[in-house]
Amino acid sequence: MSRKDILKSLEEAPFAGPELPDYDFRQAGATDLLGRFTASAKVSAAQIVHRQEVIALAGKWEKVINLSSEIAVKGMDLSQFQSPYELGDLDLVILDGEFGVAENGAIWVASDGRPFRVLPFIAEHLVICIKKENLVGNMHDAYAKLEREKYSFGVFIAGPSKTADIEQSLVIGAQGPRSLGILLI
Amino acid sequence: MTHPEKAEAFIKNSERVDWHDAALWHVRNKRDKAVDGVPEWEELRNIASQIKAHTLANLRSYLIDFEQNAMANGVEVHWAKDATSHNRIVQEILERNNVKKIVKSKSMLTEECGLNHFLEERDFEVTDTDLGERIIQMRQEPPSHIVLPAIHIKKEEVGDLFRKELHAEPGNNEPSYLTLQARIHLRKKFMECQAAITGVNFGIAETGEVVVCTNEGNADMGVHLAPVQIHSMGLEKLIPRQKDLGVFVRMLARSATGQPITVYTSQHKKPAKGTEKHIILVDNGRTNRLTMEKYRSALQCIRCGACMNTCPIYRRSGGHSYHFTIPGPIGSILAPTTDMKAHSDLPFASTLCGSCGDVCPVKIDIPNQLYRWRQDIAEAGGLSDGKRKSMKAMSTLLARPRLYRNFGRVMRLGLRILPKSLITNRYNVWTKGRDLPTPPKQSFKKWYEKNHQ
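In order, the protein sequence lines correspond to chains A and B. So the first sequence is residues 1 to 185, counted in our numbering. So the second sequence is residues 186 to 638, counted in our numbering.
For reference, chain A alone in the conformation it holds in the complex (with noise of 0.2 Å):
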């Protein structure tokens, strides 16, 4: 038995470490959110886009979900799908974010109460509704936010999925989503 046997081998050979420290870096009070938010979404190669740049967007693909409640944009009935498997090719996904970050652009998506988990990767175009007051500092701020959020799956995305695999020249989409848009509200 494996569990036994750590377990076993950990308990007869105790040493001494040092507290868990206790520490608080949030930034309380931090100012231009917005503007700090911006700027490291476009470092991310995320874009900021307009309303009507992601009506536009929407209009221009044919396979598009729509799971936003800010915007009002026509995309497929997903009670169509029975498996994520059927979401291969799917050109635009749009839904909404939870909360944004400042210091790295990140946005956190959460899977609850929205079916298919795949859909924020899948896509080959992904858009993120948020609101602009649902800003947070940096990451110590927003675990301080999720420690009073019950979620099952979430994510932190900053930017469209990349990769520099090659030589270290960056390439934007890997096997996520191409692009990422972000909608400000």
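The hints are simulated quantities; they were obtained by calculation from the structure and are not laboratory data. All of these numbers come straight from a predicted model, not from anything done at the bench. Just to be clear, a hint being listed does not mean it is correct.
[What the hints assert, rightly or not] Restraint-style ranges between C-beta atoms, simulated for each label pair:
| no. | chain 1 | residue 1 | chain 2 | residue 2 | range |
| --- | --- | --- | --- | --- | --- |
| 1 | A | Lys131 | B | Glu227 | 43 to 51 Å |
| 2 | B | Thr523 | A | Ala16 | 19 to 27 Å |
| 3 | A | Ala16 | B | Lys526 | 44 to 52 Å |
| 4 | B | Leu365 | A | Asp32 | 31 to 39 Å |
| 5 | B | Thr187 | A | Phe81 | 53 to 61 Å |
[Claimed, not checked] Computed from the model, here is a short list of chain A residues facing chain B with C-beta under 7 Å:
| no. | residue |
| --- | --- |
| 6 | Leu7 |
| 7 | Glu11 |
| 8 | Leu20 |
| 9 | Tyr23 |
| 10 | Leu67 |
From the three backbone atoms N, C-alpha and C, an ideal C-beta is built for every residue, glycine too.
Assemble the complex: chain A is given as a structure, and chain B must be docked to it using the hints.
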């Protein structure tokens, strides 16, 4: 083959060495810029180091907490004391679910366990889905870097490989084109996969969740499509609280690639409806390493690769010269804990310049540990004859001031007047691939006496 022997093959092509060196130095520079943007960086390093040291000292109780909380989330938790037991657990899960096709995202742990080979021998199809990993999988070689697995390969070679494997068009070696070919190929693999395997960056004891960080989105594609998900996690990946992620997530990508955060920081708590989620907790030598007081802090490592990018030896000898799953400075202190004799060359693959210790986000004293390993290896009689004899000669010389002064005088003269062939020859390994400096006319002592009286 030892590190110097393997490195010799790598440095034969000096153009390639320069290119490799520059590519990694570029990443190191990006890391510096990113770190400079965080004024509290040094404080974060101290805290990160403390959190890790604390967790390791209390690993037993945190593991039990983690297991309980993960189980409460509906996750099946498995324990594997070694590589074989890890691989068997994976096999059993796959067979129970009639899985034949598996997608796998980057995981140094499964590399350490030889999982791909194990599964392929049993007729499973395993596809590595990180681009760099897929490239080296097609080339049937191990990763040469823990974050940038294909950093040793040129785009022309990737082009040739993709023409052979993916029928890519002739002559097109553009990274964007090649990446697109891989995307199309991997998309097919994702749509056929029946199970997904990932590594784990952090496991959170208080919530039972696992965190997986990627840039490509490949881990998420697999995990959210496949009805069976397996997260393989080394025991040392545990951290106590969700709050502590704030520290580690801020440090990981900045240290690794100079990004403020990876594109995806995915936090897996509960399995999706109708799917099953497994976490395998793997020991494979880790609890044994914890008993080695001098070397246990190496288990604090968060696998960012910063020590590799900054290491002058790694940059100029390539990851494959290290003959261990984890190359570079951190690998050189981890390897001897598994088998000192087999890896007795690795602690010497360093100039002891200390740069690895300076960039380490969790403050592992890598240079000191390299130095300590050298002493332990020497004491155990693990030095080569040449190294042992020259060390002995040096200590005789350095312990006798008069002899040292005379020797210096002879060397300064000798290096100036002797023919080069007498100094740079095959018996003097120091001059392999490098030259000696022009000797000064006088000793430092003489110079000091003259200038600072």
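Evaluated hints:
1. A:Lys131 <-> B:Glu227: 43 to 51 Å: Taking Cβ atoms as reference, lysine 131 (chain A) and glutamate 227 (chain B) lie about 35 Å apart, which means the hint is violated.
2. B:Thr523 <-> A:Ala16: 19 to 27 Å: About 25 Å separates the Cβ atoms of threonine 523 (chain B) and alanine 16 (chain A), which means 19 to 27 Å holds.
3. A:Ala16 <-> B:Lys526: 44 to 52 Å: Since the Cβ atoms of alanine 16 (chain A) and lysine 526 (chain B) sit about 31 Å apart, the hinted range of 44 to 52 Å is violated.
4. B:Leu365 <-> A:Asp32: 31 to 39 Å: holds (38 Å)
5. B:Thr187 <-> A:Phe81: 53 to 61 Å: holds (56 Å)
6. Leu7: Holds - the Cβ of leucine 7 (chain A) comes within 7 Å of chain B, reaching about 6 Å at its closest.
7. Glu11: Where the cut-off is 7 Å and the nearest Cβ of chain B is about 6 Å from glutamate 11 (chain A), the hint holds.
8. Leu20: holds (5 Å)
9. Tyr23: holds (5 Å)
10. Leu67: violated (15 Å)
Taken one by one, the earlier hints fail for this structure at numbers 1, 3, 10, listed in ascending order.
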